[in-house]
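Number of protein chains: 2
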Amino acid sequence: MTDPRPELVSYRICPFGQRAVIVLREKGVDFTITHLEPGERPDWFLALSPLGKVPVLRVGDTAIFESSVINEYLDEVYPPRLHPAGPLDRARHRAWIEFAAALLADQFAMMSAPDEGGFREALQKAAARLDSLEQGIDPGPYFDGAAFSLVDAAFAPAFMRLDLLALPAELDPYRARPKIDRWRRALAARDSVRDSVVEDFPERFGRFFGSKGGVAVRFLAGADGDALQRRRINP
Amino acid sequence: MTDPRPELVSYRICPFGQRAVIVLREKGVDFTITHLEPGERPDWFLALSPLGKVPVLRVGDTAIFESSVINEYLDEVYPPRLHPAGPLDRARHRAWIEFAAALLADQFAMMSAPDEGGFREALQKAAARLDSLEQGIDPGPYFDGAAFSLVDAAFAPAFMRLDLLALPAELDPYRARPKIDRWRRALAARDSVRDSVVEDFPERFGRFFGSKGGVAVRFLAGADGDALQRRRINP
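Chains A and B are the protein sequences, given in the same order. Residues 314 to 548 in the working numbering are what the first sequence spells out, letter by letter. Residues 314 to 548 in the working numbering are what the second sequence spells out, letter by letter.
The set of hints was computed from the structure by calculation and includes no laboratory data. Quantities reported herein were computed from a predicted structural model and do not represent experimental measurements. No residue lacks a Cβ here, since even glycine has one placed at the ideal position from N, Cα and C. Among these hints, one or two may not hold up.
[What the hints assert, rightly or not] Subject to a maximum C-alpha distance of 30 Å in a straight line, what follows is the list of computed DSS-like cross-link-like pairs (lysine-lysine):
{"#": "1", "chain 1": "B", "residue 1": "492", "chain 2": "A", "residue 2": "366"}
{"#": "2", "chain 1": "B", "residue 1": "438", "chain 2": "A", "residue 2": "438"}
{"#": "3", "chain 1": "B", "residue 1": "366", "chain 2": "A", "residue 2": "492"}
[As the list claims (entries may be wrong)] Now the stretches of chain B that chain A is said to cover, found in silico as 3 or more residues with beta-carbon under 8 Å:
{"#": "4", "region": "384-390"}
{"#": "5", "region": "395-408"}
[What the hints assert, rightly or not] Counterexamples of contact, computed for chain B against chain A with all Cβ distances above 12 Å:
{"#": "6", "residue": "338"}
{"#": "7", "residue": "347"}
{"#": "8", "residue": "351"}
{"#": "9", "residue": "352"}
{"#": "10", "residue": "372"}
{"#": "11", "residue": "422"}
{"#": "12", "residue": "433"}
{"#": "13", "residue": "492"}
{"#": "14", "residue": "517"}
Assemble the whole structure, with the sequences as input and the hints as a guide.
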């Protein structure tokens, strides 16, 4: 290993930065993390990130942007390999990683919706996406069997956020989707996933979308941070 | 090569599908292409593409979606390698490929803007993006020197579309951006790029955005298809 110690720049509630943290933890990489506040873009950061987006991984003088690119890099440089060996299998994994980004976008829309109608519409879109996912996967317990892969790291932040919502049974994203339900439970129990967010993540998550006027925060398990924490850790 | 002949499914004017065509041509791959009309999503296609988006590459029973994933696959399976050998260099290339996707989104917004104000706003956003690009690159003549890379395949469709617009000098995206200007000329002259679209691409491009009510079509070099064609081929 000749590369210097990598530095991850992210927001504490950024699901894309969290993907990189999960991979760094899976590989036991010695790294530092610099947190910005959501929307904060100091000049030194804009100089690193031409798209102005987190996460960025700084490796010596090189800044790597986009979470999927960061994770590909980490996987190539630090063992164990989390991508499968065959090119076609790897392509299938990469495609589902892109799919996870679309699910995160649905989720952001859900959490940001300013009224009940918007929330239900966004939830319906996410539900259709989850139906495609349920049909396309066969987890056991992870995406590709017993071995944790980059696809797992890509989906875990989406499931962790869905887990925070205490939705009525008819809106429960896991009901009637047994494969996803099994998968998200396995991910929630994984050390690298549990340790991929700050202690007060649920509260920060709620505050962020509450400050944007999102009605979905009413489904966060009350204003009681302990309850949120319990729900997250014991799904 | 044990994999069966790949089939690309795309729209004739899709810049993301075009990225894959460029790579297939660079590598001299024997492939078939199936064109859908924009917005057309037959059931067989939705069964392949869980995001409902083109392009999709079908390889035997496996469907690979997302252009960057398709091109990674093609690069791993068919020589010559268009990605650099070092992981950090490769990460830098991948990050700029993501950047190109953002530029294409700007361009779509430019072409779709229903009024002059919206067009100028979108153009300004694209111009800021091009400024970041001009600062971040050092082409000679391609992105990474003399060798054509996947980054070149990712940007070529964006430049080809910008090349179709005859903008007044003060809006010219290449003026005062000499590095991008040199790069896009080298790309426009490359066989794989020239042969990556159908013969009547400029007319199809104009018709598509014209039917969406985009005011930018007035900057397409007249309604004269020959003029468009000349401008494309002799930039």
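Going down the list of hints, with the structure as the test:
no.: 1; hint: B/492 to A/366; in the structure: holds, 24 Å
no.: 2; hint: B/438 to A/438; in the structure: holds, 29 Å
no.: 3; hint: B/366 to A/492; in the structure: holds, 24 Å
no.: 4; hint: 384-390; in the structure: holds (count 4)
no.: 5; hint: 395-408; in the structure: holds (count 7)
no.: 6; hint: 338; in the structure: holds, 19 Å
no.: 7; hint: 347; in the structure: holds, 18 Å
no.: 8; hint: 351; in the structure: holds, 19 Å
no.: 9; hint: 352; in the structure: holds, 18 Å
no.: 10; hint: 372; in the structure: violated, 6 Å
no.: 11; hint: 422; in the structure: holds, 15 Å
no.: 12; hint: 433; in the structure: holds, 21 Å
no.: 13; hint: 492; in the structure: holds, 14 Å
no.: 14; hint: 517; in the structure: holds, 27 Å
Hint compliance for this structure: hint 10 alone is broken.
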